[in-house]
Structure formats: structure tokens, C-alpha cells
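Read off the chains here:
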Amino acid sequence: MFSFENFIDLPLIWAGIIGIAVLLYVLLDGFDLGVGILFPFAPTEKCRDRMMNSIAPFWDGNETWLVLGGGGLFAAFPLAYAIVMPAMYLPIIAMLLCLIFRGVAFEFRFKSHKSRFLWDYAFHFGSLGAALMQGMILGGIIQGITIEDRNFGGGPFDWLSAFSLMTGLGVVCGYVLLGATWLIMKTEGQTQDWARRAAKYIWLFVAISMGVVSLWVPYLDNDIHMRWFGGLFIWLLPIPIFTAALFGVLIYGLMRRREVLPFITSLLIFVMGFIGLVISLWPFAVPYDITIWSAAAANTSLSIMLIGVVIMLPIILSYTAYCYYIFRGKVSDEHHY
Amino acid sequence: MFELDPVLLARIQFAFTISFHIIFPAFTIGIAGWLAVLEGLWLKTGNITYKEVYKFWVKIFAVCFGVGVVTGVVMSYQFGTNWSVFSDRVGNVIGPLLAYEVLTAFFLEASFLGIMLFGWNRVSDKMHFFSTCMVAFGTLVSSFWILAANSWMQTPQGFEIDANGILQPTNWMEIIFNPSFPYRLVHMVLAAYLTTAFTVGGVAAWYLWNKRHIPHARIMFGMAMIMAVFIAPIQLVVGDLHGLNTLEHQPAKVAAMEGIWETEKGADLRLIGFPDEQAEKNHYEIVIPDLASYILTHHWDGEVKGLKEWAKEDRPPVAIVFWSFRIMVGIGVAMILTGIIAAILFLRKRLFDTRWFQIWCMALTPAGFIALLAGWFVTEVGRQPYTAYGIIRTTESVSPVLGEHVALSLLAFIITYIVLFGASTYYILKLIGKGIDTKAEGFEEHSKIATPFKTPTEKEG
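One line per chain: the protein sequences are A and B, in this order.
Just so you know, the first sequence maps onto residues 1 to 337 in our numbering.
Just so you know, the second sequence maps onto residues 1 to 461 in our numbering.
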């Protein structure tokens with residue numbers, strides 16, 4: 001049976017691939033969930049049509065990254081998948097149900113008249129609930145999972161804590177920021193003005209929750225504390241400094257009414273948060289017992305999938321980029337098909 | 001105190017969510033292929049009617065695709081939430097197949113769907129056609145991988161089991177092209193096309209009956225009947241081959257399908273019967289002598305193994321498999337009959353104006369879906385009591401999750417899916433009732449719509 005294990009560290013590569021899939025999911029579905037959370041607060045019905053149209057061609061592709069994240073975790077780190085999913089049973093089911101309601105709202109909203117308000121609410125609460133659950137799942141994973149043999153061994157509500165509520169809130173605020181800055185880029189006139197006001201309001205909450213979570217994480221686990229505040233402190237210091245600078249650029253972009261800059265900086269803020277988490281959690285697939293090497297699938301499985309990724313990922317990224325290029329520019333409030 | 005059995009609940013939840021899910025991809029596989037043909041015909045002939053039919057069905061396609069996507073995301077997580085031991089043990093084998101499905105199909109479909117639905121004025125007609133073809137191609141690639149995974153669970157090979165009970169792949173070609181895969185793939189894809197054909201045919205029959213959109217309805221009806229004439233009989237042959245393959249690899253499933261308890265030579269074909277698992281026999285049988293042996297072995301006195309060959313705990317549930325199989329075959333026969341009638345009416349030039357045949361076709365609108373679900377019930381329930389046949393029992397596959405929580409999630413799924421099914425059916429029927437937009441380029445109107453959120457001013461440039 002062929003395998004690349006003699007040439008490369010397969011679990012390491014796969015941790016990178018899953019990490020990128022999760023990051024891309026958060027960035028891409030982040031802005032369209034954010035638009036959903038902002039939805040009912042828009043000033044007019046036409047604004048809402050525009051908001052919906054700005055993400056309608058993309059949401060499906062964006063959500064596919066979540067399938068790659070889940071499916072990829074199953075394929076590359078089956079043990080981690082088999083432990084994390086039962087541990088997070090209720091929030092994952094809740095997230096899936098929320099995603100169902102917001103997903104079908106795209107189709108049903110434009111086809112309904114009298115019941116349209118119901119789908120507007122489904123879109124809003126589905127987006128909000130999915131974002132909150134994703135944040136709480138993240139928090140539940142960061143705070144550690146109890147393991148027995150090769151199974152989840154903790155209680156059904158282990159994931160629920162003050163910390164996971166905080167991360168849940170943080171993700172909701174972060175997605176709203178992404179959504180608002182996306183709208184600044186994709187709309188004009190009244191919708192854009194309103195989105196800019198929303199972004200000016202929400203960035204502070206994002207900054208505060210990122211700060212709180214960043215300071216909280218090192219106190220969850222001694223090793224994390226040592227990592228950040230030990231000998232590497234000087235080397236890791238640029239990360240928070242650069243993040244703070246990004247917030248500065250974000251404010252500047254919002255004040256100077258720049259259209260693209262706020263969205264780019266918001267994305268980068270998420271990337272920085274992601275890097276911070278990776279540094280904290282490394283090298284665990286399931287904190288704080290199972291490393292990526294002990295959770296990894298068989299080398300032959302990782303090898304055969306790596307071929308697929310090396311061939312398909314550039315193709316996927318290029319037609320995804322093509323899709324965004326086709327639908328570039330400002331959106332209208334008309335329904336297209 | 002009664003206890004909630006987590007295994008049973010997890011099984012019901014999986015069966016419910018996958019059954020609901022499969023309806024939509026099955027329909028979109030068929031519709032996507034058909035839309036590609038329609039758009040191709042429009043580009044080739046320049047006949048605007050094809051485009052109008054396309055634009056009508058693409059709306060229904062979008063609804064079904066959306067529901068398929070959101071219920072599909074559920075499936076990709078449910079292996080872990082409810083079947084974590086199974087996931088841990090077979091992840092090395094099944095995982096890569098599912099990962100390939102995402103990489104080669106899901107992104108392709110999702111990205112080009114955006115262009116297909118919203119790209120009319122942004123890309124050239126040729127590029128739009130290419131997008132439609134990519135979506136149709138994506139649905140087929142997706143079928144390839146998911147059926148490889150499912151078939152491997154039915155006829156597993158190409159692996160060894162290590163000391164921890166974890167499966168280690170040894171040969172990928174054997175894993176992907178496992179014995180039941182080619183049959184199941186062809187059977188399923190044809191089923192998807194037939195399901196779509198009968199739905200389209202039913203809608204067309206309704207338009208013909210009401211004398212609405214006659215030119216469009218003739219295209220729809222004619223193409224649907226071509227499928228019934230040619231594909232329905234082919235499906236019978238493929239199904240028979242699939243059955244022979246099952247007999248070789250999963251004889252217990254075939255014994256349940258046929259309701260055969262004793263191993264016998266010259267086994268009767270039971271048309272009707274009520275299998276009784278306690279008494280190990282069928283009640284009130286109506287049989288055709290020796291025919292089961294002839295169908296399964298192609299000899300009138302061929303030997304067919306009965307269920308009693310297996311210990312009670314190794315047998316699949318008999319009644320569900322037995323009856324689902326009869327429903328599937330019955331609908332298949334009705335479809336073949338439809339094709340024969342359509343061919344005769346066509347030769348007598350009465351295909352488009354025979355009223356009773358229109359009623360018949362309207363009645364068969366949901367037939368494909370029912371046959372499809374029944375077929376999956378046969379193969380999935382027939383695989384019991386194993387998840388991966390002969391390797392891992394269903395009872396050992398389940399997650400360490402409380403029965404109460406599975407009951408809660410099951411209830412939530414049932415409520416959500418009922419709402420989903422009601423809403424999607426309602427909007428699809430509404431679209432069908434509204435009819436085909438023959439101005440082709442017209443947009444839907446959105447004025448005078450109830451709005452939940454306060455609307456102070458509506459002035460935006």
C-alpha cells in the first residue's frame with residue numbers, strides 16, 4: 001500500500017488543511033451569517049432585498065467549507081471527530097437546525113408574500129443561532145474535553161460555561177462585523193450608510209470580546225499560560241500588537257468612508273484570532289489529551305486524500321474566485337431568476 | 001421507569017434524516033441532467049420554448065437544491081454525533097470517500113449553481129450552459145462517491161483490522177469498486193432520472209389536462225415519456241442484476257426480500273404474505289410456484305437459502321424489507337406499463353390528448369420518490385444487524401450520548417423537517433400553479449409585500 005509517510009509529516013499537513021478549511025469557512029460563511037444577524041435591523045425592505053442578493057450566489061459554496069471541515073475531520077482525524085461530535089452533541093444539532101432555517105430562507109423568502117416575515121425571522125434567528133453555537137462549540141473545545149478510552153467520557157453539558165458563552169458572544173459580534181463591512185463593500189446609498197453605522201458600533205464589541213477571550217485562554221491551562229508568557233513572550237508579542245493595529249486601520253477605513261478596506265481588515269482580524277488559537281491549542285486535535293498525531297487516520301488514508309486535495313483545492317479555489325469575480329460590484333434589489 | 005434506548009433512537013433519527021434528505025438530491029440529480037439537455041437544445045435550435053421550460057424548472061430545482069444542501073450538512077455531522085464508534089473504527093476507509101465527494105462534487109455544484117441561478121446577465125449563454133453542465137456533472141460525481149461509501153458498507157473489502165479494532169485500508173481500488181458498487185450506482189442514478197421523469201410528466205399532464213402552456217407541456221411530457229419507454233425497462237434489468245449480486249454477497253437480505261424461511265429448491269415467489277418473525281413463517285401467502293428460484297438462480301429448481309440458515313440475532317427485520325421490496329417492484333412495473341402505453345399512444349398519435357392517460361400520469365407524479373425510498377429501505381434495513389456488513393454491528397456503532405438527548409434531537413428534526421417539507425411542497429405547488437413565465441426575461445414582482453420590520457422610508461437609488 002503506497003503512502004507518503006516517509007517523505008512528509010502527514011498528520012501535520014492534514015492539520016494544516018483542516019485548519020485552512022475551518023478558517024475559510026469562518027471567513028466566508030462568517031460574513032453571510034453576519035448579514036443574516038443584521039437583517040431585521042436594516043432600515044427598509046429594499047435594503048433587505050439587497051442584503052439577501054449580495055450573498056445569495058455565495059452562501060451555498062460558503063457552507064460547503066463547513067462540510068469539508070466536518071467531513072475532513074472525519075476523514076483525517078477520525079478519533080477527534082468521534083470524540084468531539086458526541087461531546088458537543090446538543091450545540092452541533094442546534095447549529096445544524098439553525099443552518100437549515102437560514103438556508104432555506106434564501107429560496108422561500110422570494111417566493112412568499114404573506115408569509116415572508118416568517119422567513120425573514122427564520123433567516124435572522126437561524127444565522128444568529130448558528131453563529132452563537134459555533135462560538136460555543138469553539139469555547140467548549142478550547143476549555144478541554146474529557147476522554148475515556150477512545151470515547152467522549154464527560155457530561156452532556158460540559159460545553160456550557162461562562163467561557164463558552166463568552167466565545168459564543170465573541171463569534172456573533174465578529175460575524176456581525178464581517179457582515180457589516182461586506183455590505184459596505186457590496187452596497188451603496190442608504191444600505192451602505194446604515195451598514196457603516198452598524199460596523200462603527202460593533203467593532204468595539206469585537207475588540208473587547210477578543211481581548212477578554214485572549215486573556216482568559218491562558219488561565220484555562222497551565223501549558224498555554226507558559227507558552228504565551230514564558231520564554232516565547234517577545235516572539236509572540238507582535239501578534240496582539242498587529243491585531244490592535246488592524247483595529248486601528250479598521251476605524252480609519254470606516255471614518256474615511258473607504259469601501260473595501262474595512263472588509264479586508266475585518267478578515268485579517270479573524271485570521272489573527274485564528275493564529276492566536278492555533279498557538280494556544282497546538283499540538284492538540286482534542287484538547288488536552290489527544291494530539292494531531294494520535295488522532296490521525298491511517299497514513300494510506302491521509303496519502304490518498306492528499307492527492308485529491310493537491311489536485312482539487314487549486315481548482316476549487318479558482319472557480320470560487322471566478323464566482324466572486326462574476327458577481328463583483330454593487331448589488332441591486334431585483335431577484336434574478 | 002421506561003428507558004429511552006439510544007441505539008433505537010439513533011437509528012430512527014438516522015433513517016428519518018437520510019430518508020428525508022435523499023428525496024431532494026435524487027430529484028436534483030435528475031433535474032440537473034434534464035436542465036442541461038434543455039439548455040443545450042435551446043442553444044442548438046434557438047427555440048425559446050426550451051429556455052422557458054428551463055427557467056420554470058430551475059426555480060423548482062433551486063428550492064430542492066437548497067433543501068438538499070441544508071439537510072446534507074446534517075448528514076456529514078451525524079456520523080460523529082450519533083455513530084462515533086463506527087466513525088472511529090471505519091474512518092480510515094469511509095472518510096476518504098466522503099472527503100473526495102466534498103472535494104470533487106460539492107464545491108463544483110455550489111459554485112456553479114450561483115452562476116446558473118443568478119448569472120444570466122453576467123456571463124455569456126455558452127458559459128451559462130457550461131455552468132448548468134457542471135452542476136449536472138457534480139451531482140453525478142457526488143453519487144459516485146456516496147454510493148461507493150454506501151456500497152462498501154454493504155460489501156466491505158480491501159482492509160484489515162488492527163489490534164484496536166480499527167480498520168486499516170489495504171487496497172483502494174477494492175474499497176471503491178467493491179462488489180455491489182457498480183450495480184447500486186447504476187440502479188440509483190437511473191432511479192433518480194426516472195423519479196424526475198415521472199414528476200415532470202405528472203406536471204406536464206396536469207398542464208395538458210388544463211390546456212395550459214401546451215407547447216411547453218408537450219416538450220415536458222414527450223421527454224418524460226421517452227424516459228419511461230426506454231429507462232424503465234432498463235431499470236428492471238439493472239435491478240435484477242443488482243439482486244443477483246446481493247444474493248451472492250448478502251443472501252440473508254435476499255431471503256428477507258423474498259420472505260423465504262426454509263432453504264429450498266424450487267422456491268416459490270411470494271407475491272403477498274405477512275412475515276412473522278416469532279413464528280418464522282409467513283401468514284396468508286399468495287405464491288407463484290418455483291418462480292423465486294428461477295428469478296434468483298435462473299433455474300426452476302435452483303436452491304435459495306432461507307432465513308433459518310442464520311441465527312435469529314443475525315437476521316435483518318423481515319417484514320420491512322419484504323414489503324418495501326414489493327412496493328418498489330410494484331411501482332417499477334407501473335412505470336414500465338406507462339412506457340408501453342405511451343409508446344402505443346404515440347404510434348396512434350394520441351399521446352398528448354388522451355385524457356385518462358393524463359390522469360394516470362398525474363397519479364404517478366410522486367411514484368418515483370416512493371419507489372426510491374422503498375428501495376433504500378430494502379438495502380439499508382436488509383443490511384441489519386450490521387452497519388458495515390459482517391464487521392460491525394449496529395449496536396456497537398453508536399455514540400455514548402444519552403437516550404434523552406437523542407430523543408430531543410429526533411423530535412427537533414421531525415418538527416423542523418415537517419415544516420421544511422410543508423413549506424417546500426407548498427412553494428413548489430405554488431410555482432407549478434402559477435405556471436410558466438412565457439415572457440422569458442420577466443422578473444418577479446416584489447411590491448406590496450407584508451414586511452415584519454418597520455419601514456419608514458423606501459427611497460433608495
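Worth flagging that the hints you see were computed from the coordinates, not collected in a lab.
Keep in mind that a hint or two might mislead.
Derived contacts from chain B toward chain A, CB cut-off under 10 Å, selection only [unchecked claim]:
hint, residue
1, W42
2, L43
3, V67
4, V70
5, A110
6, I115
7, L117
Computed spacing ranges between beta-carbons, pair by pair [to be verified]:
hint, chain 1, residue 1, chain 2, residue 2, range
8, A, F157, B, I414, 20 to 26 Å
9, A, F2, B, D301, 25 to 31 Å
10, B, A412, A, G16, 45 to 51 Å
Listed below are the simulated SDA-like cross-link pairs for lysine to any residue, each with C-alpha atoms no more than 20 Å apart in a straight line [said to hold, decoys possible]:
hint, chain 1, residue 1, chain 2, residue 2
11, A, K114, B, I428
12, A, K330, B, F16
13, A, K330, B, W120
Note that the structure is a prediction, hence the values are computed from the model and not measured.
Virtual Cβ for every residue (Gly too), placed ideally from N, Cα, C.
Hints versus structure:
A distance limit of 10 Å between C-beta atoms decides the matter here; for B:W42 the minimum to chain A is near 15 Å, and the interface restraint is violated. For B:L43, the shortest C-beta to C-beta distance to chain A is roughly 18 Å, which exceeds 10 Å, and the interface hint is violated. A distance limit of 10 Å between C-beta atoms decides the matter here; for B:V67 the minimum to chain A is near 6 Å, and the interface restraint holds. Interface restraint check: B:V70 against chain A, minimum CB-CB distance 4 Å, threshold 10 Å, status holds.
Taking 10 Å as the C-beta cut-off, the interface hint given for B:A110 holds, the closest approach to chain A being about 4 Å. The interface hint given for B:I115 is met, as the beta carbon of that residue sits about 6 Å from the closest beta carbon of chain A, less than 10 Å. Given the 10 Å rule on beta carbons, the hint for B:L117 holds: about 5 Å separates it from the nearest Cβ of chain A. Remark: the range hint 20 to 26 Å for A:F157 to B:I414 is upheld by a beta-carbon distance near 23 Å.
Our hint of 25 to 31 Å for A:F2 and B:D301 is violated, since their Cβ atoms are close to 49 Å apart. A beta carbon spacing of about 35 Å between B:A412 and A:G16 contradicts the range 45 to 51 Å that was offered as a hint. Restraint check for A:K114 and B:I428: satisfied, since their Cα atoms lie roughly 16 Å apart, inside the 20 Å limit. For a cut-off of 20 Å, the pair hint linking A:K330 to B:F16 is broken: about 42 Å separates their Cα positions.
Proposed proximity of A:K330 and B:W120 is supported: the alpha carbons are some 16 Å apart, at most 20 Å.
Checked against the numbered hints above, the structure violates hints 1, 2, 9, 10, 12; every other hint is satisfied.
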